[in-house]
Amino acid sequence: MKFKWQNYNAAYLFLSPAMTAIFIFFFLPVLAALVMSFTDFDIYSLGDISRARFVGFSNYIDLFKNPLFWKALGNTGYFVLVGVPLSILISMLAAMALNSKMLRFKPFFRLTFFLPVVTTLVAVAVIWRYIYQARFGLLNYLLSFVGINPVDWLGNPRWAMLALIIMAVWKGFGYNMIIFVAGLQNIPETLYEAARLDGANGWQEFRNVTLPMLAQTTGFITITTLIGYCQFFAEPYVMTDGGPLNSTLSIVLMMYKEGFKFWRMGYSAAIAFILFGIILIITLIQLRIQKHHEI
Amino acid sequence: MVRAHSMEKCCCQSKRNTVSQNSFCKKIKNTDFYLLILLPALILFFNACHSVEKKDHVIDFWAMGVEAQHLGELVTVFEQENPELHVRVQAIPWSAAHEKLLTAYAGNSTPDLCQLGNTWIPEFVILNAIEPLDALLKTSADIDTAQYFSGIWATNEIDGTLYGIPWYVDTRLLFYRKDIFEELGHSTAPTTWDDLFDLSLKIQNEGKTEYAFYLPLNGWHEIVAMAMQNGSTLLKDNNSYGDFDAPEFQNALRFFLKLYEHQLCPLGMNAISNLYQSFADDYFAIYISGPWNLGEFQKRLPEFMQAKWTVAPMPSFAGEYPGISTAGGSSIVMFKNSENKAAAWKLIEFLSRPEIQTRFYQLSGDLPANTSAWNILGLHQNERTEVFFQQLHHVKPTPRIPEWEQIALKIQQHVEAMVYGDITPEEVGSRLNIEVNRLLEKRRWLLERERM
Amino acid sequence: MKFKKSYQKYGLYLLMFLAAVLTLAPFVWMLSASIMPEGGANQFPPRLFPKTPTWEHYQRLFRQMNIVRYFLNSVIVAVSVTFISLLFNSMAGYAFAKYRFPGKNKLFKLLLSAMVIPAQVTMLPLFLMLNRMGLVNTYWGIIIPGMTSIYGIFLIRQYIMSIPDSLIEAARIDGATDFYIYLRLILPLAKPILVTLALFTFMGSWNDFLWPLIVMTGDSMYTLPVALANLMGEHAQDTELMMAGAVITILPVLIVFLAMQKYYIRGIMLGSVKE
Chain A
2 MKFKWQNYNA AYLFLSPAMT AIFIFFFLPV LAALVMSFTD FDIYSLGDIS RARFVGFSNY
62 IDLFKNPLFW KALGNTGYFV LVGVPLSILI SMLAAMALNS KMLRFKPFFR LTFFLPVVTT
122 LVAVAVIWRY IYQARFGLLN YLLSFVGINP VDWLGNPRWA MLALIIMAVW KGFGYNMIIF
182 VAGLQNIPET LYEAARLDGA NGWQEFRNVT LPMLAQTTGF ITITTLIGYC QFFAEPYVMT
242 DGGPLNSTLS IVLMMYKEGF KFWRMGYSAA IAFILFGIIL IITLIQLRIQ KHHEI
Chain B
121 MVRAHSMEKC CCQSKRNTVS QNSFCKKIKN TDFYLLILLP ALILFFNACH SVEKKDHVID
181 FWAMGVEAQH LGELVTVFEQ ENPELHVRVQ AIPWSAAHEK LLTAYAGNST PDLCQLGNTW
241 IPEFVILNAI EPLDALLKTS ADIDTAQYFS GIWATNEIDG TLYGIPWYVD TRLLFYRKDI
301 FEELGHSTAP TTWDDLFDLS LKIQNEGKTE YAFYLPLNGW HEIVAMAMQN GSTLLKDNNS
361 YGDFDAPEFQ NALRFFLKLY EHQLCPLGMN AISNLYQSFA DDYFAIYISG PWNLGEFQKR
421 LPEFMQAKWT VAPMPSFAGE YPGISTAGGS SIVMFKNSEN KAAAWKLIEF LSRPEIQTRF
481 YQLSGDLPAN TSAWNILGLH QNERTEVFFQ QLHHVKPTPR IPEWEQIALK IQQHVEAMVY
541 GDITPEEVGS RLNIEVNRLL EKRRWLLERE RM
Chain C
1211 MKFKKSYQKY GLYLLMFLAA VLTLAPFVWM LSASIMPEGG ANQFPPRLFP KTPTWEHYQR
1271 LFRQMNIVRY FLNSVIVAVS VTFISLLFNS MAGYAFAKYR FPGKNKLFKL LLSAMVIPAQ
1331 VTMLPLFLML NRMGLVNTYW GIIIPGMTSI YGIFLIRQYI MSIPDSLIEA ARIDGATDFY
1391 IYLRLILPLA KPILVTLALF TFMGSWNDFL WPLIVMTGDS MYTLPVALAN LMGEHAQDTE
1451 LMMAGAVITI LPVLIVFLAM QKYYIRGIML GSVKE
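Chains as they are written, first to last, in this note's numbering: chain A, 2 to 296; chain B, 121 to 572; chain C, 1211 to 1485.
One should not assume that every hint holds.
What the hints assert, rightly or not - Below, a list of computed lysine-lysine pairs in the BS3-like style, where the Cα atoms sit at most 25 Å apart:
{"hint": "1", "chain 1": "A", "residue 1": "292", "chain 2": "C", "residue 2": "1314"}
{"hint": "2", "chain 1": "A", "residue 1": "66", "chain 2": "B", "residue 2": "562"}
{"hint": "3", "chain 1": "B", "residue 1": "298", "chain 2": "B", "residue 2": "378"}
{"hint": "4", "chain 1": "B", "residue 1": "562", "chain 2": "A", "residue 2": "262"}
{"hint": "5", "chain 1": "C", "residue 1": "1219", "chain 2": "A", "residue 2": "107"}
{"hint": "6", "chain 1": "A", "residue 1": "262", "chain 2": "B", "residue 2": "456"}
{"hint": "7", "chain 1": "A", "residue 1": "102", "chain 2": "C", "residue 2": "1472"}
{"hint": "8", "chain 1": "B", "residue 1": "378", "chain 2": "B", "residue 2": "322"}
{"hint": "9", "chain 1": "B", "residue 1": "516", "chain 2": "B", "residue 2": "356"}
{"hint": "10", "chain 1": "C", "residue 1": "1219", "chain 2": "A", "residue 2": "102"}
{"hint": "11", "chain 1": "A", "residue 1": "292", "chain 2": "C", "residue 2": "1319"}
{"hint": "12", "chain 1": "B", "residue 1": "258", "chain 2": "B", "residue 2": "562"}
{"hint": "13", "chain 1": "A", "residue 1": "66", "chain 2": "B", "residue 2": "356"}
{"hint": "14", "chain 1": "B", "residue 1": "419", "chain 2": "C", "residue 2": "1261"}
{"hint": "15", "chain 1": "C", "residue 1": "1316", "chain 2": "A", "residue 2": "292"}
{"hint": "16", "chain 1": "A", "residue 1": "66", "chain 2": "A", "residue 2": "262"}
{"hint": "17", "chain 1": "B", "residue 1": "328", "chain 2": "B", "residue 2": "298"}
{"hint": "18", "chain 1": "B", "residue 1": "428", "chain 2": "B", "residue 2": "328"}
{"hint": "19", "chain 1": "C", "residue 1": "1472", "chain 2": "A", "residue 2": "107"}
As the list claims (entries may be wrong) - Covered stretches of chain A (chain C as the covering partner; in silico rule of three or more C-beta atoms under 8 Å from a C-beta of chain C):
{"hint": "20", "region": "32–42"}
{"hint": "21", "region": "95–101"}
{"hint": "22", "region": "189–197"}
{"hint": "23", "region": "245–258"}
{"hint": "24", "region": "263–270"}
Honestly, the hints are just simulated from the structure, not real lab data. Here a beta-carbon is modelled for each residue, glycine too, at the ideal position from N, C-alpha and C.
Just chain A, same shape as in the assembly (with noise of 0.2 Å):
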């Protein structure tokens, strides 16, 4: 294509209402949480900005000195570092049964565990907060027969991340698997008949067949599994509220609530872009090391 004004000026026409939104409604926004971070803009300085200070960097500095912080830190870690694994392990597993060739009736399958991806959030968390219920839940019930004793899954501190984790895998399997099986799809048959020539096992063809193949797959998935975990919120928001013993508190929900509940906005403003650094960080991570993959 030739370089025409009309041309530039037809792009920036077509760009034009998008980016209007974007820069207003999204960037303006982000660099004005950015300077209220560096304030304590509170509930107090609502009515009145002359009660707001510059501070610097001390609601920084004061998070990294709030346990509470850690803790919420902690526990979106052990989130992200189990639920993203499992997850992903139960997306390939059920792409692999879901591309095998021996499976009938897949288009059933395919929608059964695809129908807890485009369900509600909230009417999920509402639904498990009766499964998960220690005396009359259905998930104690279907335990006690495998000689498993109740558990209160949402009202004790050592079960509650992971029943929060259970469901969100739950919750979210099905639209990896979908990615996974377009994946597999994308493998040549070809390679497969290789490898039985060479006598390779059921194992073995996974190993150096598949699993490499899907390489690409897996890393687009990680990051955006990764990304989206670290960010959770809706799940503790509606079932446990941080509780108990603050060890469903993620950092969203931490942010949220000094935000919109305390009206801590320079606090919450700074939690905020500590989660958006650890989001970069992570991103950073896992393309330098596809790139390293890739050569």
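Given chain A's structure and the hints, the job is docking chains B and C onto it.
Frame of chain A, contents of chains B and C only:
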């Protein structure tokens, strides 16, 4: 797919010949444009339909869940008396109320009137969001201060200025299984915590219920009431520093912990799915709760249970009986932003009338703030409500500062951690002091600034 | 060998069947609990099916809880967001895919890196801003932040890039204008991704919770999920009522999904495999 269309279809008849404009507008089917314009127009239309213009004869009144549900009938009466006025009641859920109100304040979309939990009043005072009512009260023929519980009224006064009129009152006391207490030789509930503790051990040892107590760990009223009974003020130095390592607070913590160390309360279950079923199923025998549960217990407990439960005042550690409890309940406040203050005050006066308070109790079960309604209703003859009446004369407000909600939350969280054995009572005290002092830094700065 | 194959096969079926049951169980329980009489869902052992089914909870939702209004709010918001964002994103995606202009790479990189910024960062200032504009507690309060999505722009760009330049050149030689090409050539060709994105946006908007909770300050403007959470605050004890509310919230997205699942699933593949 791409066919040259005739120039007549051009939608843009611009005579100007700038290249870009011309090329951009050429050859677009009318239908395409209609489609592009139609939907946004539709959205605009929907928006227009719903953004109802605020009229000066409308009173917007926000009330919490159950109260809002029962307001309808009273509002109808009010509107019959004042045909020129219209009241719009909006229900907001308790769980989200605090956030919602602050959001509305931040968003300049506060109503004319609002039901406000009385621990929240200081927050809205300091925000300069609610209207002082002293002048209006002075001229009022309907509201007589003498008819109100003094401890409750006090929660509405900040630094000597009145900001809310109590609507209904609330405090916490013991709900218990009368039948079990009687079987163990107690025709009335113990008056001290130590006696109650002994009785609880007995209940459990004899297998009357699975647990003696149910003390949900998601609240703070119980521990704060116990501390106040011990003479703790919770905060010190004009409420600008925490005072949680003081012996008054520490002793309350130790007693609280003892209940759990002897496994008298179920640990964890802060979400018993159905409280009433559990109470009836002999799961626990003692529960600390407020007046709303009078109605709920009557409604939700099975018939055979009705004679088996009753209420008793808070025990105390020593001396005074009933022991101090927290001053709760809701007041009605008027927002500064209201453009309709005269009409709003009319509604406050209306809702404060003894006969309207009476009707509201009949509808909602909320105990009237106006004591003359208690007489009309014969609540003194009712054994259970009379206990509340006594208790309401032994209530104290929590510290009246905006940070209280956050401090209360911190107390609750640290107490929970203590009960789980993660920290000792001493650590609860020192950690609370550190965190609360940090929280109050802004308050100290503002106090300092005002002094200058 | 033959024996081993069929052994594997039955094992696979058993596993898949179990997994399917586990996946569906919460939904089945939701449905059946929603028609149990009050207290029916709090029994031990839990009942999977109601002894005496009742519609009372649904009736309560419709008569007392204003559920129709919430439903309409959800529909209006979701449809508006979907339409506007599709328009804006596709225009921007097209520009990024097929135009060269100064600053393009920088802008695109900026957008891509902005995808790392969690949306929650913007919420406080955004609320204050929309409030200044008088848009809090209106449909626009939800629509405006949802008007564009960087991810959407990115997906559309990826897709349009696969459309051969020669097609556009040919159209241009025929005298078609930029806008005409976009409307009559690009949009029809990009239909698969557009349908997919429409579905994604619609469902995302329907299921969204946090922002509507913040921006809809008035009861009458709640969307279904906000109304449901609201209900949870007040009626946590009423398991059966809550389940009926969950059914009503979930049902519409489920129907939309079932009707269009082909596009949805194909779309996920498009979005990720084109990576």
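_Structure versus earlier hints - violations, ascending order_ = Those not satisfied are hints 12 and 22.
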